[in-house]
Structure formats: structure tokens, C-alpha cells
Amino acid sequence: MTHTDWPLWEVFVRSRRGLSHTHAGSLHAPDAELALRNARDLYTRRGEGVSIWVVPSSAITASSPDEKDPFFEPSADKPYRHPTFYEIPEGVQHL
Amino acid sequence: MTTPPAEGTALTTAALALGDDALVLSHRLGEWAGHAPVLEEEVALANIALDLLGQARVLLSMAGDEDELAYLREERAFRNLQLVEQPNGDFAHTIARQLYFSTYQHLLHTELAAGDGPFAPLAAKAVKEIAYHRDHAEQWTLRLGDGTDESHARMQRAVDALWRYTGEMFQPVEGLDADWTGLEAAWLEQTGEVLRRATLTVPESPRTGAWTAGAGRQGLHTEPFGRMLAEMQHLHRSHPGATW
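Which chain is which? The protein sequence lines are A and B, in order. Counting along the first sequence from 1, when you hit position 64 you're at 64 in my numbering, and nothing is skipped either side. Counting along the second sequence from 1, when you hit position 126 you're at 221 in my numbering, and nothing is skipped either side.
Derived from the structure by calculation, the hints contain no laboratory data. Glycine included, C-beta positions come from ideal geometry on N, C-alpha and C. Treat each hint with caution, since some may be false.
[As the list claims (entries may be wrong)] Take a look, some chain A residues computed to stay more than 12 Å from chain B by CB distance:
(1) W6
(2) R16
(3) H28
(4) P30
(5) D31
(6) E33
(7) A35
(8) S51
(9) I88
(10) H94
[What the hints assert, rightly or not] Partial selection, computed: residues in chain B whose CB lies under 7 Å from chain A:
(11) V153
(12) S156
(13) P213
(14) D255
[Claimed, not checked] Examples of chain B residues toward chain A, derived with CB under 8 Å:
(15) V138
(16) Q234
(17) Q266
(18) G270
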């Protein structure tokens, strides 16, 4: 049985307070309310979440794999953007 | 092979009634596995089934050995409502059955949780699960009732067909301290409200009386229940004590 008329939704789950929502996967649902409930059943069965967002997949604008080089390559050779030139004072742990 | 129902105490009677409701409906919902209209819904129904199975295990253990009670009793020894043994039918029937039962179960467990009887701890935990079951059924009732002409017709048919099994829910159960009249009034109000919002007609046909259903608590069951039990019990009966 096909249900091509049900739109696709992207699911974001926040696992703990203080953390941000993380993409968990996607699912089909007829509307936002049922998408939330389906997300609860599919992605938080084992106590993974305290909050869920669902977003219509069609509302997401994604970068294209074809643009990978102009998008991401230039940042690879700019070490001055990384905070690696600081001297770490003695006695500072966990940095 | 007949294991007589554990006789006697009011606690056993009540535990069997509640436990058999949960066990039988759990099995019915499990029958959707591999057959649900969509994958997402299959998981949702399986989740509800597993919640109910968890409740059944606790309750049947209060009445005796859970496996023996589930797998070795004859049909006449089961004390579940006739509503929960009704076949899945189309999806609308499954949803109507769930709406009726979860609304009832939610009201009853809320009351049990507020008391200090032996079922209070279980009820307090179960009531959160049941609230979700009820919400799931309500959401679908609204969408099917207020959906297409076809879904509306099917939902109305299901709501009508199962109405006659709803009177039995409010027969007092020995061992359960509840305000049954109050529960029934609240059930009629809540169910009616959902049906009306779903643009469905609240059935006016009888819910109690000589010709209607309603003797599951006394061990009288409808024809489809025997076939369901045969499937549920045959593995255990064919291979007693099998484990994996």
C-alpha cells in the first residue's frame, strides 16, 4: 500500500535539558500533530528525549553536494581561525 | 487442561478483570504488526500493545502465575470485556475500540490511582500510558470522522458497531472501589465530545439490556474470541515450558 500523499517530516530530538535539538531521522505523517506523535513513538521509545521538533522536509534548504568545494574547502587552510595559537597557562586542566 | 480461575478473593477477581482487558486488547493490537496501513502507525499500535502487555503482566501476577493464566485458561475463564476481544476490523474499528476502551481505562485508573487500594501504584503508572493511548485514538477519530466521505462513513460505522459493547464497562467489578455511575457519566460526556468534534453522530442505540453484549466479566465471550485465544495459546500449549 502506498501513501505518497503523506508528506515527509524531519525529526529533531533534545535528549536533555541544556542540550540542543539533534536530528534524529525522518518519517511520514499526514500533519504536524501526528508527525509529533509518530516521532514520539519512533524516536523516543527508549527514553531519548525531553522535547521534539518536527519540520516539513520541504521547508529545509540544504547545501548541495555539487557545491561542496566552494562551500567547505576554503576553510581547510585557514588555521588562524582555530584558537590554537594561545599558550595555555600552567595548571589549567580540562582545556 | 482447564485451569479454573483463581477463586475467591475480591482482589483476584479485580486483577483478572483488569489484567484480561489489557492482555486481550494487547494481543488484538499486536495482530496489526505487519499489516498496519503505514509503518509509523504500526509502531504506534505496537507501542500501545506493549504498554498494555506490561500492565497485564503486573495484574495477572497479582492473581496467580501470569503464564498459566494467559496461556492455559479456557475461554470461559477469561474475565475481559467483550469490547476488547472484538476483531480489529478496518482501521476505523480498531480506533473506535481504542477510543472507547482508553477513555474508560483512563477514567477508572485515575480514580484507582487517587485511592489507597492495592491497584493504586499500578494505576498511577498506567494512567500516563493510557493518556497517550487515548490521545492517539482521539487524534485518529477526529481525522477519520472529519476527513473524506469514505473515512467518515467508515468511522461512523465502527462507532455504531461497537457502541453496544460499551455498557458492560460500567458493571461494578468486585474488588474495585469506584464510582461506576460517575465513571459512566464522565465516559459518555468525554466520548460524546470527541465524536461530535469529529462530526460523527453519537449512537443512540442501546448500550445495556437483554439483547446487547455484556457478559465478558462473567466469562461469556463472543465468537471471534475463541479463534484469538487459539492463536495466542497454541505455542505454549504445543510446547509447554518452551523458552528462547
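Worksheet item: Are all C-beta atoms of chain B more than 12 Å from that of A/W6?
Response: Not fine: 7 Å to the nearest Cβ puts A/W6 too close to chain B.
| said: Please verify that the nearest CB of chain B lies beyond 12 Å from A/H94's CB. | reply: holds, 39 Å
_Given a cut of 8 Å on the nearest C-beta pair, is the interface hint for B/V138 held or broken against chain A?_
With Cβ-Cβ at 5 Å, under 8 Å, it holds.
Review point. Does the CB of B/D255 sit less than 7 Å away from some CB of chain A?
Key: Given a least distance of 24 Å, the restraint on B/D255 is violated.
Are all beta-carbon distances from A/P30 to chain B longer than 12 Å? It is violated; A/P30 is separated from chain B by about 7 Å at its closest Cβ, not greater than 12 Å.
| field | Hint check: 8 Å Cβ-Cβ cutoff, B/Q266 to chain A | value | violated, 33 Å
The output says A/R16 does not contact chain B. Does that hold with a beta carbon cutoff of 12 Å? holds, 20 Å
Distal placement of A/D31 relative to chain B, Cβ over 12 Å: Nearest chain B Cβ is 8 Å from A/D31, so the label is violated.
**Q.** A/S51 and chain B, when compared Cβ to Cβ, separated by more than 12 Å
**A.** Check passes; 16 Å lies beyond 12 Å.
Task: Interface hint compliance - B/V153 to chain A, C-beta minimum distance less than 7 Å - done: Since the shortest Cβ distance to chain A is 20 Å, the answer is violated.
| request: Double-check B/S156 for me: the hint is only fine if its C-beta lies closer than 7 Å to a C-beta in chain A. | output: violated, 24 Å
*How about B/P213: closest beta carbon in chain A under 7 Å, or not?*
Constraint on B/P213 not satisfied, violated at 28 Å.
Hint violations for this structure: numbers 1, 3, 4, 5, 6, 7, 11, 12, 13, 14, 17, 18, all remaining hints satisfied.
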